[in-house]
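Enquirer: Following the hints, put chain C in place on chain R, whose structure we already have.
Number of protein chains: 2
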Amino acid sequence: MGTTQLETVPEPKYWHLRTVLSEALESEFAVGEILPNERDLAARFGVARATLRQALEQLELEGRLQRRRGVGTTVAPPRVGVSVGDEEPRWPGALDEAWQSVDSTLGTPPTAVARLLGTADGEQVYRIRRSRVSHGQPVAAELLCVPVGSLPDLAVPDSSLTAAAQARAVLRALGTRALDGQDRSVELGSAGADDSKELDRLPGAPVLVVTTRFFAEGRTAAVSVATYRADTCRLTFGDSGRVQIHHQN
Amino acid sequence: MGTTQLETVPEPKYWHLRTVLSEALESEFAVGEILPNERDLAARFGVARATLRQALEQLELEGRLQRRRGVGTTVAPPRVGVSVGDEEPRWPGALDEAWQSVDSTLGTPPTAVARLLGTADGEQVYRIRRSRVSHGQPVAAELLCVPVGSLPDLAVPDSSLTAAAQARAVLRALGTRALDGQDRSVELGSAGADDSKELDRLPGAPVLVVTTRFFAEGRTAAVSVATYRADTCRLTFGDSGRVQIHHQN
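Which chain is which? The protein sequence lines are R and C, in order.
Be aware that the first sequence starts at 1, since it is given in this note's numbering, and climbs by one per residue.
Be aware that the second sequence starts at 250, since it is given in this note's numbering, and climbs by one per residue.
Chain R with its partners taken away, still in its complex shape:
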């Protein structure tokens, strides 16, 4: 579909309604307030229920509304800024207060992660699950994969340790290695069955997927795939007030 064609497409009805509703939210409603029911809203704005629902879904996607079963539709608080990359490169740390280790198992990595790690077919990795809470709300769920071969001195699994303690042991061992660098990508995804439970959402909810590769000794030593709730989170990357760089142009 070319741009020329697009220009002749009129603005969809629900999109116009979204703009009108968005202004009404600013001027008439407070954060946390419950919106009138769909029938009343559709009548007030003179639109079909289907159009209204599309506009509400849109505003939910934009983080302006929250729809909760048994409660109804409420005005969402502003998104929480969650720091993702304002630090120098560093290993996912045992002392990282933002994250809590949930589980550690041995197994094969997901296909996409195996590709990033360059592991052989069937090669075992430590699969560590962590979760991140901010302001009392779950904001992210992470799967960290570390090839078993890259931590040869580690005595895990150890049946005397809980899964969380095993996860911490892996993170500690990783932290003793020299980290050469890291890179990150962010893309839109949807919460899978595991993640959605940890994030207190239904499967399929939109998430921001942050993939981090950690480099050591010329190879990818670990890959983290973290899914952040797209409805409540704004990911921040920054160096404000810390870097002093003068432009040479």
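Honestly, the hints are just simulated from the structure, not real lab data.
Do not rely on the hints blindly, as some may be mistaken.
Beta-carbon label-pair distances, calculated as ranges [to be verified]:
1. VAL71(R) / ALA404(C): 52 to 58 Å
2. ARG172(R) / GLY356(C): 52 to 58 Å
3. ARG69(R) / ALA442(C): 30 to 36 Å
4. THR425(C) / ALA98(R): 38 to 44 Å
5. SER22(R) / SER276(C): 41 to 47 Å
6. GLU88(R) / ALA273(C): 40 to 46 Å
Short derived list, chain R residues pointing at chain C, Cβ under 8 Å [stated by the list, open to error]:
7. ARG64
8. PRO77
9. ALA193
10. ASP194
11. ALA205
12. LEU208
All C-beta atoms in this analysis are idealised placements derived from N, C-alpha and C, irrespective of residue type, glycine included.
Expert: This is chain C only, laid out in the frame that chain R set:
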């Protein structure tokens, strides 16, 4: 809705179908291939049309499918990695090849941008629109706002210049100032009327909104709001191979 309750919610039908379809895409279809029509697909998987449509929408959100009017549903190519933050902090540059200046006007900034800039009510800014193309496809549309007061020596608007030339003049003037640092945030949004035209999408299409603040002389000297197509882009932030940092732990 608490986690405990969520655990008792069965996996939605469309979510199960999404997983089945996703596997079929991997094993049976090539990139660019057109999927059978909805009626045939619904029959093959034994589901209602509405369930099928939900699963297709989900896979579109995840960047696995593309739905184009007049063409049908095709298997999407892998998302394109678009570099957003692998550089040292620097001004949005006149020489920045990734971006093309489209327009420059004088006006007031959007409310959210005014808040970040700390401009007074009604204070004028240069509003510069730029667009970014990657592999021949539009990937991002940007609105850059620079308070007129922060570039006192600039003789713009100048009626002898095209809008694109005026935009370049503003960027050049900005580039002569000392840049103290910058920070960025990424969140989920939806394409507005202007952006959607530039991105060749319909209004409301999901986008990744990258907001960058540029700091100079103790204040925010410019704010850029760039919307990236969420269906085709993976934003990359990285220093791989450039930073050599040794872990001290």
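Enquirer: Next step is simple, just say for each hint if it's right about the structure.
Expert: Hint-by-hint comparison with the structure:
no. : hint                              : result
1   : VAL71(R) / ALA404(C): 52 to 58 Å  : holds (57 Å)
2   : ARG172(R) / GLY356(C): 52 to 58 Å : holds (55 Å)
3   : ARG69(R) / ALA442(C): 30 to 36 Å  : holds (33 Å)
4   : THR425(C) / ALA98(R): 38 to 44 Å  : holds (39 Å)
5   : SER22(R) / SER276(C): 41 to 47 Å  : holds (43 Å)
6   : GLU88(R) / ALA273(C): 40 to 46 Å  : holds (44 Å)
7   : ARG64                             : violated (10 Å)
8   : PRO77                             : violated (14 Å)
9   : ALA193                            : holds (6 Å)
10  : ASP194                            : violated (12 Å)
11  : ALA205                            : violated (10 Å)
12  : LEU208                            : holds (7 Å)
When held up to the earlier numbered hints, the structure conflicts with 7, 8, 10 and 11 and fits the remainder.
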